[in-house]
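Let chain A serve as the given structure and place chain B on it in line with the hints.
Residue-level listing of the chains:
2 protein chains.
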Amino acid sequence: MPTAIKLDEKFKSFTEQWRPKVIADLNGQEVKVVKVQGEFPWHHHDHEDEFFLVWKGIFRVEFRDHIVSLAPGEGIVVPRGIEHRTCADDEAEVLIFEPKDVRNTGNVHDEKFTAPNAAHV
Amino acid sequence: MPTAIKLDEKFKSFTEQWRPKVIADLNGQEVKVVKVQGEFPWHHHDHEDEFFLVWKGIFRVEFRDHIVSLAPGEGIVVPRGIEHRTCADDEAEVLIFEPKDVRNTGNVHDEKFTAPNAAHV
Numbered sequence: 006m007p008t009a010i011k012l013d014e015k016f017k018s019f020t021e022q023w024r025p026k027v028i029a030d031l032n033g034q035e036v037k038v039v040k041v042q043g044e045f046p047w048h049h050h051d052h053e054d055e056f057f058l059v060w061k062g063i064f065r066v067e068f069r070d071h072i073v074s075l076a077p078g079e080g081i082v083v084p085r086g087i088e089h090r091t092c093a094d095d096e097a098e099v100l101i102f103e104p105k106d107v108r109n110t111g112n113v114h115d116e117k118f119t120a121p122n123a124a125h126v
Numbered sequence: 006m007p008t009a010i011k012l013d014e015k016f017k018s019f020t021e022q023w024r025p026k027v028i029a030d031l032n033g034q035e036v037k038v039v040k041v042q043g044e045f046p047w048h049h050h051d052h053e054d055e056f057f058l059v060w061k062g063i064f065r066v067e068f069r070d071h072i073v074s075l076a077p078g079e080g081i082v083v084p085r086g087i088e089h090r091t092c093a094d095d096e097a098e099v100l101i102f103e104p105k106d107v108r109n110t111g112n113v114h115d116e117k118f119t120a121p122n123a124a125h126v
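Residue numbers (my numbering), protein chains in the order written: chain A, 6 to 126; chain B, 6 to 126.
One or more of the hints may lead you astray.
In this list, chains with the same sequence are indistinguishable; a pair is considered to hold if it fits within one copy or across any two.
Stated by the list, open to error - Below, in silico cross-link-like pairs of lysine to aspartate or glutamate (EDC-like), each with a Cα-Cα straight-line distance of 20 angstroms or less: (1) K117 to D30; (2) K105 to D30; (3) K17 to D51; (4) K61 to E79; (5) K105 to D95.
These are calculated hints, taken from the structure and not from any lab test. Remember, predicted model here, so these are calculated numbers, not experimental data.
So that you can see chain A by itself, here it is in the shape it has in the complex (with noise of 0.2 angstroms):
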């Protein structure tokens, strides 16, 4: 039976940085809550595009030729293949639409950043 999601209660039940939790499978994609502080490594993903939309803090999208910075209510889309890292301040709170079982560190592996899929919350 469909009920609610709601994203503060989802982003009070973990208080771990840079680890994705999934809060809703559809069609294939997934909707996830991550935390975020300090800056994560510089990757890409072949295959899937990647949407962030911030919910709290100030989030950092860096590329190579320039730096994006978004505020609560603003997102963007990474294409696939783009070169890019995740950075923030003070911590930050962020959703993410992508496809199921991307890796979060996307071609490179990483001991401290790579995440487990499908950690839901």
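Only chain B this time, still in chain A's reference frame:
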């Protein structure tokens, strides 16, 4: 070059209700914004799940056996095949994430409510 997509600007850029506007395309999916007020026709989608996320106002998703009322920051997945209608007493602003080219009224054609696809803002 990927740039910021600002929800407030997108919502301010149109006034008509019930006709979703695409703000992002990715992975064969679309992120859309829509303003709603009143009652939408009962319908279902044979092949598409839908994710709604409320941005402003109170938005109801009604099923034949229960009603889910959603405030800002609350969302829902409506799985394919399940009859539903969306409603709002006062105007609400809602984000939608669903496959490209889905018909908004699903299995129903409605003179007033069936909207053209691929309208971007």
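Against the structure, the hints come out as follows:
1. Taking the shortest alpha-carbon separations for K117 and D30, neither the intra-copy value of 26 angstroms nor the inter-copy value of 31 angstroms comes in at or below 20 angstroms.
2. Within a single copy, K105 and D30 get their C-alpha atoms as close as 8 angstroms, and across copies as close as 16 angstroms, so both meet the 20 angstroms cut-off.
3. In this homomeric assembly, K17 and D51 never come within 20 angstroms of each other (Cα to Cα): the closest approach is 32 angstroms inside a single copy and 35 angstroms across copies.
4. For a Cα distance limit of 20 angstroms, the shortest separation of K61 from E79 qualifies both inside one copy, at 10 angstroms, and across copies, at 15 angstroms.
5. For the identical chains of this complex, K105 and D95 are neighbours neither inside a copy (28 angstroms) nor across copies (35 angstroms), given an alpha-carbon limit of 20 angstroms.
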